[in-house]
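Using the sequences plus the hints, can you model the full thing?
The listed protein sequences derive, respectively, from chains A and B.
Mapping the first sequence onto numbering that gives the first Met the number 0, position 139 (from 1) lands on 138, and the numbers just tick up by one.
Mapping the second sequence onto numbering that gives the first Met the number 0, position 316 (from 1) lands on 315, and the numbers just tick up by one.
No lab work stands behind these hints: they were computed from the structure.
The C-beta atom is built at its ideal place from N, Cα and C for all residues, glycine as well.
Just to be clear, a hint being listed does not mean it is correct.
[Unchecked claim] Derived pair list, reagent style EDC-like, types lysine to aspartate or glutamate, alpha-carbon separation capped at 20 Å:
| # | chain 1 | residue 1 | chain 2 | residue 2 |
| --- | --- | --- | --- | --- |
| 1 | B | K170 | A | D165 |
| 2 | B | K369 | B | E391 |
| 3 | B | K170 | B | E282 |
| 4 | A | K2 | A | D165 |
| 5 | A | K2 | A | D179 |
| 6 | B | K97 | B | E82 |
| 7 | B | K369 | B | D401 |
| 8 | A | K171 | B | D26 |
| 9 | A | K2 | A | E195 |
| 10 | B | K170 | B | E315 |
| 11 | A | K171 | B | E23 |
| 12 | A | K2 | A | D167 |
| 13 | A | K54 | B | E323 |
| 14 | B | K170 | A | D167 |
| 15 | A | K2 | A | E201 |
[Unchecked claim] Computed list of chain B residues with no C-beta within reach of chain A, every gap over 10 Å:
| # | residue |
| --- | --- |
| 16 | H32 |
| 17 | T73 |
| 18 | T167 |
| 19 | G211 |
| 20 | S212 |
| 21 | G251 |
| 22 | R263 |
| 23 | E393 |
| 24 | R397 |
| 25 | G416 |
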Amino acid sequence: MQKFERLESVAAPLDMANVDTDQIIPARFLWRTRSDGYGHLLFNDLRTSQDGESKPEFVLNLPAYQAANILVADRNFGCGSSREHAVWALMDAGIRVVIAPSFGDIFFNNSFKNGLLPIMLPQARCAELRAALARNPGAKLAVDLEAQTVTGSMRVSEAFGADRFDIDPFRKQLLLSGMDDITFTLSQADDIAAFEQRYARELPWV
Amino acid sequence: MTPARAAAPATLFDKIWARHTIVERPDGATLLHVARHLVHDGSRAGFRTLQERGLRLRHPERTYGTPDHYVSSTSRALEAISEPHRREMVSALSANAKQHGITLFDLGDVRQGIAHVVGPEQGITQPGLLLVCGDSHTATHGALGALAFGIGASEVAHVMATQALWQTRPKSMRVSVNGALGTGVTPKDVILAIIASIGAAGGVGHVIEYAGSVFRAMSVEGRLTVCNMSIEAGARAGMVAPDETSYAYLKGRPYAPQGAMWERALAYWRSLPSDAGAVFDREVSLDAAAIEPMVTWGTSPEDAVAVTGAVPDPAEAASAERREAMTRTLAYMGLAPGMAIEAIKVDRVFIGSCTNARIEDLRSAAMVAKGRKARIPAMVVAGSGLVKAQAEAEGLHRVFLDAGFEWREPGCSMCVGMNGDLVAPGERCASTSNRNFVGRQGRGARTHLVSPAMAAAAAVSGHMTDVRVLMAGGA
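Following this line, the structure appears as structure tokens:
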């Protein structure tokens with residue numbers, strides 16, 4: 000897993016609620032393997048027309064946001080299907096942080112496994128950030144995981160200052176170290192074995 | 000297992016969570032034991048991770064597989080999957096199952112079907128167990144009183160390697176529906192009404208327990224439909240307390256406990272229902288009598304209204320943001336504000352999916368199709384080979400075929416179109432599936448979520464129709 004410490008980057012505003020994982024990566028691409036790469040397929044049907052032409056009005060097609068590594072979205076981002084390909088597509092397209100008022104639970108979990116940081120900020124705050132980013136195309140945000148803060152460059156922060164976000168300490172630790180949780184869990188093998196013995200005694204039919 | 004918690008009144012969820020807790024860290028992260036892991040033809044990435052790391056499945060005997068997403072709905076032959084990438088997903092599952100020694104209900108086995116239909120049907124799903132699957136509709140299995148939720152590919156690999164999963168304790172929500180459902184109002188309408196009420200993100204971070212007289216009176220099949228769509232309300236999982244209905248359903252199923260073990264299991268299952276006085280973080284209640292057959296008009300399952308209603312007007316939206324979103328949605332759906340739901344013309348009907356492809360669903364649709372003719376293309380895809388066989392034994396396939404419906408082979412099919420069963424761009428589909436997302440059934444496809452009875456009603460009339468009128472003998 001890619002570790003995450005600090006990132007300062009152009010942030011792109013995505014003004015849509017309930018962006019589901021079918022929109023992030025349509026089902027017809029899911030047979031591809033992880034190593035095939037998914038970046039160019041991110042938001043495929045929002046980014047391109049049916050005949051493959053780029054839709055110039057879509058936010059990630061605008062020149063100012065080409066270098067965006069941060070996405071500021073609306074409520075329930077990543078809802079729907081459990082496909083981890085949604086996280087792969089974002090990561091492969093360079094997105095390392097998504098800020099939103101709420102996330103689909105499975106997408107939220109999947110993000111951490113790949114080094115993508117999902118940050119929850121209040122709904123009104125996300126709306127303000129999106130509006131500020133739309134007014135100042137190409138403006139940057141800085142995300143500091145250790146300090147758990149999102150700060151803006153001058154143009155954005157003038158109005159807003161710094162935001163603090165919450166994060167589960169265990170996930171924070173794994174992200175900061177880049178440690179994969181399978182490795183971590185395998186180090187708890189004794190606890191797992193002891194549990195399994197007890198479980199087999201108590202629920203022998205399972 | 001955690002005495003401090005056992006002493007206080009506990010919910011069904013609390014009891015299963017405690018029973019499966021291996022380690023709870025001071026920071027709240029909890030390592031949970033996984034009693035049952037279901038895999039399917041979309042689980043290839045998990046197996047690859049395992050292989051890359053040189054790991055074995057820790058408990059192959061707790062892992063069960065069946066291909067569903069990529070299988071053809073016209074034939075059971077692997078060769079019938081003409082597209083090589085899709086065929087490879089299905090054959091990879093067979094190879095992985097063989098290599099790792101897991102139980103597989105493969106193509107050609109009458110038990111093959113949609114994982115969320117097969118698990119309960121085989122008795123693999125049981126009360127009080129923690130069950131996961133790399134599919135968001137895993138909450139389905141909560142209908143039998145299991146704690147079941149969907150996971151991503153990394154978590155699938157983690158479960159394969161460790162038979163355990165790190166989770167943060169979700170909050171609890173109880174959704175009570177009391178009273179009696181009207182004629183023609185089905186479990187699908189109940190869950191669509193719930194989602195319309197709490198919103199597509201209403202359950203985020205929560206596990207829902209469905210309670211009240213409606214669920215007590217509901218069959219296991221109906222409960223499976225309700226729990227299935229918990230994720231569409233954003234919930235981590237949905238569950239119904241086990242009761243005599245659940246035990247009667249499970250008894251004698253191939254993977255259910257037998258003999259003396261059945262009695263031991265039953266004693267455990269009877270201890271599971273939420274204690275009187277157990278506290279939920281959130282309570283919601285709906286009046287059963289107020290629920291009508293539902294139809295979605297938009298691109299989120301929360302966009303649902305009664306069939307007697309109308310397409311909402313963005314001008315009446317609560318905020319400018321919502322107004323803009325609704326306008327965009329109606330443009331995609333090709334609908335005008337204020338138009339009556341029953342005036343919506345439909346191009347195609349799909350009856351199937353992990354939501355509505357069980358025997359009761361097919362009976363309910365067949366009852367409406369019987370003696371009528373489909374005016375538009377309509378297909379019925381049973382949830383498993385056993386459901387298909389049962390339907391054929393009851394003559395339901397005859398009813399569908401006589402009415403001009405197609406009778407297809409089990410799988411996810413047109414719910415997600417990964418096997419090539421797609422709705423054409425701009426085409427409008429009345430579907431018994433679970434998601435009306437933009438492009439879900441194919442690029443540009445317009446999906447209206449309905450119950451099996453309502454889907455059949457749309458098929459025989461060519462437009463959205465209140466099934467209650469047909470049931471009363473109307474044209």
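Check your understanding: Is the nearest Cβ of chain A still more than 10 Å from the Cβ of E393 of chain B?
Key -> holds (32 Å)
Point to revise | No chain A beta carbon within 10 Å of R263 of chain B's | key: Non-interface label on R263 of chain B violated, nearest chain A Cβ at 6 Å vs cutoff 10 Å.
**Study point:** Given pair status - D167 of chain A, K170 of chain B, alpha carbons within 20 Å
**Key:** Satisfied, since the Cα-Cα distance of roughly 15 Å is no more than 20 Å.
Exercise for review: Measure nothing beyond the straight line between the CA atoms of K2 of chain A and D167 of chain A; if it is 20 Å or shorter, mark the hint as holding.
Suggested key: holds (16 Å)
**Study point:** Beyond 10 Å from each Cβ of chain A, as asserted for G416 of chain B
**Key:** violated (6 Å)
Practice item. Quick one: work out the minimum CB distance from G251 of chain B to chain A and report holds if it exceeds 10 Å, violated otherwise. Key: Holds, since 14 Å exceeds 10 Å.
Review point. Are K170 of chain B and E315 of chain B close enough, with their CA atoms no more than 20 Å apart?
Key: violated (33 Å)
Check your understanding: Can the restraint linking K369 of chain B and D401 of chain B be considered satisfied, given a maximum Cα separation of 20 Å?
Key -> Answer holds: K369 of chain B to D401 of chain B is near 8 Å, not above 20 Å.
Check your understanding: Is it true that the CA of K97 of chain B sits at most 20 Å from the CA of E82 of chain B?
Key -> Violated. K97 of chain B to E82 of chain B sits at ~23 Å, over the 20 Å cutoff.
**Study point:** Closest CB of chain A to the CB of S212 of chain B still more than 10 Å away
**Key:** Nearest chain A Cβ is 29 Å from S212 of chain B, so the label holds.
Review point. Going straight from one Cα to the other, do K2 of chain A and D179 of chain A come out at no more than 20 Å?
Key: Answer holds: K2 of chain A to D179 of chain A is near 10 Å, not above 20 Å.
Review point. Under the criterion that the straight-line Cα-Cα distance not exceed 20 Å, is the pair K170 of chain B, E282 of chain B satisfied?
Key: Holds. K170 of chain B to E282 of chain B sits at ~11 Å (cutoff 20 Å).
Checked against the numbered hints above, the structure breaks hints 6, 9, 10, 15, 16, 18, 22 and 25 and satisfies the rest.
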